[in-house]
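A.B. asks: Given the coordinates of chain A, assemble chain B onto it according to the supplied hints.
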Amino acid sequence: MSEPAGRALRALQRNRVASAAAWVLGALYVLAALGPFLAPYAEDSIDRSRFYHPPQRLRWLDASGRLHASPFVYATRLADAREWTYVDDPAAPLPVRWLVHGEPYALLPGVRSDLHLFGLDAGRVNVLGTDPLGRDVLSRLLYGARISLTVGLVGIAITLTLGLALGGIAGFAGGWVDAALMRLSELLLSIPGLYLLIALRSAFPATLPPGRAYLAIVAILSVIGWAALARVIRGMTRAIRNTEYVAAATALGAGPARVLVRHVLPNTFSFVIVAATVAVPGYILGEVFLSFLGVGVQEPAASWGNMLGQARSLRVLTSFPWLLAVPAAAIFVTVMAFNLLGDGLRDALDPRGAGEGRGR
Amino acid sequence: MRAFLLRRLLQAIPVLLGVTALTFLLLQLAPGDVLTTLAQNPMVSAETLDSLRRRFGLDQPWYVQYLLYLRNIVLRLDFGESFARHQPVFAVLREGLGNTLVLATAAAVVTWGLAIPLGVWAAARRGRPADRVLTAVASASLAVPELLSGLLLLLFAARSGWFPIGGMHSPGWERMAWGARMLDVARHLALPALVVGLVPLAARMRQMRSSLLDVLHQEYVTAARARGLSERRVLFRHALRNALNPMITLFGFTLGALVSGSFVAEVVFAWPGLGRITVEALQSEDRYLVMGAVVMSTLVLMAGNLIADLMLVVADPRMRDV
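For the record, the sequence lines run as chains A and B.
The opening residue of the first sequence carries number 647 in my numbering; numbering runs sequentially from there.
The opening residue of the second sequence carries number 1305 in my numbering; numbering runs sequentially from there.
By construction, these hints were calculated from the structure, which means they are not laboratory data.
Check the hints yourself; a few may be wrong.
[What the hints assert, rightly or not] Computed from the model, here is a short list of chain A residues facing chain B with C-beta under 8 Å: (1) Val800; (2) Arg847; (3) Ala849; (4) Asn985.
Quantities reported herein were computed from a predicted structural model and do not represent experimental measurements.
Just so it is clear, CB atoms sit at the ideal spot from N, CA and C, and this is done for glycine as well.
Next comes chain A alone, as it looks inside the complex (with noise of 0.2 Å):
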């Protein structure tokens, strides 16, 4: 690892704020990465007899007062088919089973089980309730994490490549080149950003299966992205290029392409790590704002947007809380852990940062 680098990674392990939101991002990928073998229930799996149950505890004293080794669940029945409010039934507890078989699901492409952490013997187990057609909330919140997750992750990579690539070449080669990329760049800043994100969502067809409206969702947010950056790797190469090691570097016969890649944008890096971080939120509430909006991932596929866009009846509001609750609590503590990394980012690889002297 380069000098820079292990002393920023340094100072953002003695801030502790920053170091927990980089375990807290850790283990979020961790559970969406495990999400099919956490999620007791595939995230299309519907159950006719719960429509809208609440979340059930898990309980260790049973009626009885006697404890139980293993937690367990009571049976519920639907009492009010109108209301959908249902009542325990604590003659019968449901001890819940670990390591269950279930639904097969792939974790990943080719690698197939039916194992799932946990699950009942007979019945359903809903910790964090179901939604209108009876799925499991927990089942969605973790396939929905693995869509909205990673949409952040994989638009900012194109957008820095994008960036990068195009601001390299606008502030290295200059003339026309520079001047077409730059008037296109302030093309799309000149439109505010939500509206850009709608026209640019109208050249996709309305309705999408899930993985193309995937790959929608991920070149709308790079398309708008990548301006702003372009712009200031731009100016940063524009300032690098006239530096002595770059000419150094041309006297020794290296040519522009290597000069670009080797010695200029290596020192935008800290600048790029920074702006990438702070801007990873902005993706993920995109991927939530459109599907919320019904024109990202569309059912029955999951994505933290459209568990939101579920929660935006009267209906919902005043009597199944927990289909707002549940999904706006794992997209802000996502978005406060991303803020939380990008500050103490910002404050490690700062090379003017108190008492590490100049970084680079």
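C.D. replies: What follows is chain B alone, placed relative to chain A:
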């Protein structure tokens, strides 16, 4: 001044041409054309479709269509027809923009009306509990996405019943007396304006606080204190005036964000503004309306920036030669 204005207006032309060309291109990429949705309606005859096709030049190549579209905007402010709403696009946009400005203005009043006093208060109490609490609340508010604060306030409205959930008017609004109408709109306005204003409020408060703290460290303030003036008089008569200057500049810069800032709140609270209209147009594949809304929002953004620059020129004579 006049040359400055003229130059800025001329600079706007290529940008607007680019924006219209870009939105036009994007809609060409989508499958079908503006009439696709209409064509699925069995009530619409083939003859009607043909005549519409001729009227909008859809039988022509794309560049002719684009020039036709531009010509209609420039000559007649004709942005095409909203087929989902059976109204000219311009009429829909004008109404939406008006509603958006009502919301944005209310939010701006909340933002600035609270941010200045709170910022001054925090600066005057620097380091004490009041300042710490305010600064912490402001930092936390900055991180809350509008979609979440909006939905939470919607939940609050639904559960408490104190506020209407969404929309701009209650049923029967047209028959109300003038005062009752105002009150009704204000009740509908409260929560969305809070959502729009929350993040800017936190940001402006922090800026006001730091601006005032900067001024309070200057020598003339120390001199005023040394002359035995009361702290109150030093703060309000001497420090505050200078601390407000950067805030006026900031106010200008936020004019451009006036229209785009309320987008999410409009969608969540069903406020019939430009943002909500755009989303509905996307959902109903009302293409001329999508294009018109994008062009309109860009125009408003540019106008806001221009007004901000003009305010700067008026406020600071040094800017006049730039």
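A.B. asks: Each hint: holds or not?
C.D. replies: Hints versus structure:
1. The interface hint given for valine 800 of chain A is broken, as the beta carbon of that residue sits about 20 Å from the closest beta carbon of chain B, more than 8 Å.
2. Checking arginine 847 of chain A against chain B by beta carbon gives a least distance of about 6 Å; that is within 8 Å, so the hint holds.
3. Annotation: interface hint on alanine 849 of chain A holds; nearest CB of chain B at approximately 4 Å, less than 8 Å.
4. Contact between asparagine 985 of chain A and chain B, as hinted, is supported at the beta carbon level, the nearest pair being about 5 Å apart and thus within 8 Å.
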